[in-house]
Amino acid sequence: MLFAKPLADLIAQLEKLPGVGAKSAQRLAYHVLRMPGDDVRRLAEALTRARESLRLCAVCQSFSEGEVCEICADPRRDPHTVCVVAEPRDVAALERINEYKGTYHVLHGLLSPMDGVGPENLKVRELVERLRADVQEVIVATNPTVEGDTTALYLAKLIHPLGVKVTRLAHGMPVGGELDYADSATLLSALEYRREI
Amino acid sequence: MGFVARLAVRDFRNYECGEVTPSSGLNLVVGRNGQGKTSLLEAVALVSTGRLLRGSRDTQAIRLGQPSGEVKAELGDQGTEVAVLIAHGQRKRVLLNGLALARASDILGRLPSVSFSTVDLRVVTGDPSDRRAFLDAELAQLWPAYLRHLSVYKRALEQRNALLKAAQIGYVPDEAFEAWEEALGQHGAGMRLSRREWVAAAAGPAQEAYQFLGGGETMGLDYVLADDGVEPERLAQGLRDARSVDVRRGATSVGPHRDDLAVTVDGRDARAYGSQGQQRTAVLALMAATMASVRETLGQPPVLLLDDVFSDLDGERRSRLTELALAAEGQVFLTATESSLAGPSVLSRAAVFRVQSGTVRAE
Ligand SMILES: Nc1ncnc2c1ncn2[C@@H]1O[C@H](COP(=O)(O)OP(=O)(O)OP(=O)(O)O)[C@@H](O)[C@H]1O
Ligand SMILES: [Mg+2]
Ligand SMILES: [Zn+2]
Numbered sequence: 208m209l210f211a212k213p214l215a216d217l218i219a220q221l222e223k224l225p226g227v228g229a230k231s232a233q234r235l236a237y238h239v240l241r242m243p244g245d246d247v248r249r250l251a252e253a254l255t256r257a258r259e260s261l262r263l264c265a266v267c268q269s270f271s272e273g274e275v276c277e278i279c280a281d282p283r284r285d286p287h288t289v290c291v292v293a294e295p296r297d298v299a300a301l302e303r304i305n306e307y308k309g310t311y312h313v314l315h316g317l318l319s320p321m322d323g324v325g326p327e328n329l330k331v332r333e334l335v336e337r338l339r340a341d342v343q344e345v346i347v348a349t350n351p352t353v354e355g356d357t358t359a360l361y362l363a364k365l366i367h368p369l370g371v372k373v374t375r376l377a378h379g380m381p382v383g384g385e386l387d388y389a390d391s392a393t394l395l396s397a398l399e400y401r402r403e404i
Numbered sequence: 075m076g077f078v079a080r081l082a083v084r085d086f087r088n089y090e091c092g093e094v095t096p097s098s099g100l101n102l103v104v105g106r107n108g109q110g111k112t113s114l115l116e117a118v119a120l121v122s123t124g125r126l127l128r129g130s131r132d133t134q135a136i137r138l139g140q141p142s143g144e145v146k147a148e149l150g151d152q153g154t155e156v157a158v159l160i161a162h163g164q165r166k167r168v169l170l171n172g173l174a175l176a177r178a179s180d181i182l183g184r185l186p187s188v189s190f191s192t193v194d195l196r197v198v199t200g201d202p203s204d205r206r207a208f209l210d211a212e213l214a215q216l217w218p219a220y221l222r223h224l225s226v227y228k229r230a231l232e233q234r235n236a237l238l239k240a241a242q243i244g245y246v247p248d249e250a251f252e253a254w255e256e257a258l259g260q261h262g263a264g265m266r267l268s269r270r271e272w273v274a275a276a277a278g279p280a281q282e283a284y285q286f287l288g289g290g291e292t293m294g295l296d297y298v299l300a301d302d303g304v305e306p307e308r309l310a311q312g313l314r315d316a317r318s319v320d321v322r323r324g325a326t327s328v329g330p331h332r333d334d335l336a337v338t339v340d341g342r343d344a345r346a347y348g349s350q351g352q353q354r355t356a357v358l359a360l361m362a363a364t365m366a367s368v369r370e371t372l373g374q375p376p377v378l379l380l381d382d383v384f385s386d387l388d389g390e391r392r393s394r395l396t397e398l399a400l401a402a403e404g405q406v407f408l409t410a411t412e413s414s415l416a417g418p419s420v421l422s423r424a425a426v427f428r429v430q431s432g433t434v435r436a437e
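These protein sequences, in sequence, are chains H and S.
The first sequence begins at 208 in this note's numbering and counts up one residue at a time.
The second sequence begins at 75 in this note's numbering and counts up one residue at a time.
Any given hint might turn out to be false.
With a straight-line Cα cutoff of 35 Å, these simulated DSBU-like cross-link-like pairs (lysine-lysine) come out [what the hints assert, rightly or not]: (1) H:K223 with S:K228; (2) S:K146 with H:K223; (3) H:K230 with S:K166; (4) H:K308 with S:K166.
Covered by chain H, per the in silico footprint, the following chain S stretches (three or more residues, Cβ under 8 Å) [unchecked claim]: (5) 214–222; (6) 229–237; (7) 240–254; (8) 348–359.
Hint data in this document are derived by calculation from the structure and do not stem from the laboratory.
For glycine and all other residues, C-beta sits at the position ideal for the given N, C-alpha and C.
Based on the sequences and whatever the hints tell you, model everything.
What follows is the structure in structure tokens.
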């Protein structure tokens, strides 16, 4: 036997995590074995607590401790504007700039038939449900990839008939970037989405 | 004018380490079979397009037994250095003056090139997919917008095909198709527009070159659409209409991935009816037309990579081809197993490089 059973079990569990291959799983497992017992217990507890105490916010579908997340529950946030993102981490990214005052909606993925992901696998029905209330603008903030663009297009087709304004996050030149080194795809979209000054 | 002023290779094909300083005009690369002539041209193609010559996977160019290989080129007029790094188990990296580009294809356009070798005969003798690959490569070099259309189209096509397969075993609502078909419509129509324009513009120069190269017949080029979707709306509608048929076939039957480039000699399909000489002349004429379109569109002559073109041509055609290549007034790399094959008109002007088992030196 290559690994003692408990070690083999740990490696097998770690390998299930995204981005962790066989090699890093082994490295992490050996690291855990060398950690102080208290630290390991705290890690295990943190894992269990996070999983058990967090659920999807009933409104925006992001992770939340309560029935409704802090952002959705905040009376200073504007519920008439909803920013649609693919992943919970995108909410964190937008929150970091401390500028956006509306609310969010997390799809938990993007349309990708190749990966078996259709509208029914995303939080689309929940979004449409929300739009029945008084929402004025939906900002689609999916990544500018083929899947991100197509998901945005799909949502626009779905939402337009409801009489809600749909906008898309602009994409173009990175701020502080140099034209000469910009990739063509970025330049093309910057040109396409240029605006009058 | 873009040309290679210095070319250095490391662990690339059979070269351990090598460096050449080519002339900005004609360069003749001579050497016996299997010594490294094609590899040298391939190194130029790699810094020009970010890709190896048609068909090779990147890591196949790493010298056997080595972890990585590299090609570096100094571009003559711009003081720019382009480097391409290929390593096993890593993404290929293309660097411009030391800065990594986001995508290898972002290098396109800095050093435009047109290549021709015996495998390119496929453009006439091969399948429609060979001709589409030829068009895609040439158009991507001319217009980054084309490359964008192409890459989005390919991806969206895979996604739609996956939906078709899903619809064979379960229910897929129409709305699930709509957004993909709209994307295909927009980008597919963009591709068709560029391809049609390019072919229409290339037909005249191709015919001229064909006759100059000694073909007595008329040569024709025509872009053949598989369906009438040349506008985004129309193509998206065509996809919608074909949906149920496509579900049954499990493949998309409408769009530019089904089109073809018709090459004709005296009005007849060159692939089915052309003699070998006619087919060869037609491909060379197509190459000449490509050269002309690069010069016209990008305002500079492309670097010409002519691999082993002389061996199959008679003396008259050889000198005509040489004239064509020289008339472009760009940098030319020619390979031959014997310098005598090149003829006096080449030898009097060319910088000659001799290649022997992975080493190259100027003569
Ligand atoms: N990755 C690699 N590592 C080592 N050698 C390689 C690699 N790829 C190809 N070769 C070898 O490099 C040599 C040179 O190949 P190349 O195609 O450049 O020859 P050539 O001079 O064009 O020959 P020919 O006249 O037959 O066309 C060949 O012997 C080939 O087998
Ligand atoms: Mg060769
Ligand atoms: Zn919420």
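Given hint K166 (chain S) paired with K230 (chain H) - CA-CA distance at most 35 Å: Holds - the C-alpha atoms of K166 (chain S) and K230 (chain H) are around 23 Å apart, at most 35 Å.
Next pair to validate is K223 (chain H) with K228 (chain S); report whether the Cα-Cα distance is within 35 Å. holds, 31 Å
Can you confirm whether the C-alpha distance between K308 (chain H) and K166 (chain S) stays at or below 35 Å? violated, 42 Å
Can you tell me if the stretch 240–254 of chain S counts as covered by chain H, using C-beta to C-beta distances under 8 Å and a minimum of three residues? Held - the stretch 240–254 of chain S has 8 residues with a Cβ nearer than 8 Å to chain H, which meets the minimum of three.
Between K146 (chain S) and K223 (chain H), does the CA-CA distance stay at or below 35 Å? violated, 41 Å
For the stretch 229–237 of chain S, do three or more residues have a beta carbon lying closer than 8 Å to a beta carbon of chain H? Our answer is that it holds, as 7 residues pass the Cβ test (under 8 Å) against chain H, meeting three.
Proximity test - 8 Å, beta-carbon atoms, the stretch 348–359 of chain S to chain H, at least three hits: Violated: only 0 residues of the stretch 348–359 of chain S have a Cβ under 8 Å from chain H.
Three or more residues of the stretch 214–222 of chain S near chain H by CB distance under 8 Å? holds (count 4)
Violated hints, listed in ascending order, are 2, 4, 8; each of the other numbered hints is respected by the structure.
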